[in-house]
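Peer 1: Taking the hints as your guide, dock the two standalone chains into a single complex.
As you go down the protein sequences, you meet chains Z and W in turn.
Sequential numbering of the first sequence, starting at 1, is according to the working numbering.
Sequential numbering of the second sequence, starting at 1, is according to the working numbering.
Be aware that a few hints might be false.
To be verified - Have a look at the derived ranges for each label pair, beta carbon to beta carbon:
#, chain 1, residue 1, chain 2, residue 2, range
1, Z, G59, W, L7, 16 to 26 Å
2, W, G8, Z, V83, 43 to 53 Å
3, Z, E63, W, I111, 38 to 48 Å
What the hints assert, rightly or not - A short list of chain Z residues far from chain W (calculated; beta carbon distances all over 10 Å):
#, residue
4, K44
5, E52
6, R78
7, G85
8, A93
Hints listed in this document are in silico derivations from the structure and should not be mistaken for laboratory results.
Every residue gets a Cβ at the ideal spot worked out from N, C-alpha and C, and that includes glycine.
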Amino acid sequence: NAGVMQNPRHLVRRRGQEARLRCSPMKGHSHVYWYRQLPEEGLKFMVYLQKENIIDESGMPKERFSAEFPKEGPSILRIQQVVRGDSAAYFCASSQTASTGGTYEQYFGPGTRLTVT
Amino acid sequence: AQSVTQLGSHVSVSEGALVLLRCNYSSSVPPYLFWYVQYPNQGLQLLLKYTSAATLVKGINGFEAEFKKSETSFHLTKPSAHMSDAAEYFCAVSGGYQKVTFGTGTKLQVIP
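So here's chain W without its partners, still in its complex pose (with noise of 0.2 Å):
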């Protein structure tokens, strides 16, 4: 069996600061991690994917996350918010078969 908490469903930051979403996992055996963002009358979009390698994952658009397994997090940062980074932001979680479990999702709110 396996879990995603995302703590927040609203996160508002100013232009240029810290973003910092939040996610714990749950999984019976070694998790395989995604963010997913998606933008108001879109699908989702594919941010990163922590598959068992570097702890230190980089993605697109600046986003980077860290895998944690002592604290079951994997949470999304990115040092200098944008504007165009105002979405909704989805962890997911995989135990290497191919069905994925996602979280509720955060709504991020850039303020100018």
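Just chain Z, with the same shape it has in the complex (with noise of 0.2 Å):
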């Protein structure tokens, strides 16, 4: 059973620059979030998604930061006119549907370390 898988793996955009990270949660998992993780800053949620629905996103920026879990493909994070703030690690979890109420755990990506130049 293959793992939640993260591309790229690394991203370089120019400031300005549009940049789109890709994430296909594990076989069976619905559920899927995103962290970014800053040097020295542990990890920040950003959003928590189920297909074609945003159920959290309290930990997204207003502005120039969306989020999508479509019917069909990965999850897709997408940041349009990079700054140089943006450069971070950007990790995509996902874990099964709470049945029970119960907390699953979620499972991580390797992410994608984004640069901006």
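Peer 2: Have a look at this one:
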């Protein structure tokens, strides 16, 4: 069973360009989460999605950032007009549906390291 | 609301010594608690989780953690450190809702 897949692993963009980060959850997982990791700052929650729905986007910057998880295909985190401060590692995680109200652990992908020049 | 505090951003231990990584949590509902490990340039891997069953939780690679409600703590321990344990460790809390809040991490250095 393949794990969570993210691509690209490394992405270089010039200021003002767009960055698209892709995440394919583990088979059977219907919940996807995106996190941003900056050096010495740990993981910061960005957004939580289910198929075709954004459940919680409280961690997303109000501008330039968007996320989707379509019925078919991977989840996409899109950053428009990137700036140097967007340089970070972006991690995707997935989990199963919590049928009993409990929390299933999240399984992480290897991350996409975005560098803005 | 929920939060996690990891005491000590860097911890150094000698090979063979006890590993103790501290985590205190805050949660308005009974929490689910997790420890993850991250090796350089990799994603996070689950070490263990507490989901209101036994308070002493055993995980992979010889790690374990004890849930202490009175102290709101979930410290991670390993009796004898190995060089391969050098990594960054994250404590995390969830309130039963899918959103998980992570601590800022503790980097473990193992000295030969």
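Peer 1: It remains to establish, for every hint, whether it holds in the given structure.
Peer 2: Status of the hints after comparison with the structure:
no.: 1; hint: Z:G59 to W:L7: 16 to 26 Å; in the structure: 24 Å, holds
no.: 2; hint: W:G8 to Z:V83: 43 to 53 Å; in the structure: 33 Å, violated
no.: 3; hint: Z:E63 to W:I111: 38 to 48 Å; in the structure: 46 Å, holds
no.: 4; hint: K44; in the structure: 8 Å, violated
no.: 5; hint: E52; in the structure: 16 Å, holds
no.: 6; hint: R78; in the structure: 20 Å, holds
no.: 7; hint: G85; in the structure: 19 Å, holds
no.: 8; hint: A93; in the structure: 8 Å, violated
The structure is inconsistent with the numbered hints 2, 4, 8, although it conforms to all the rest.
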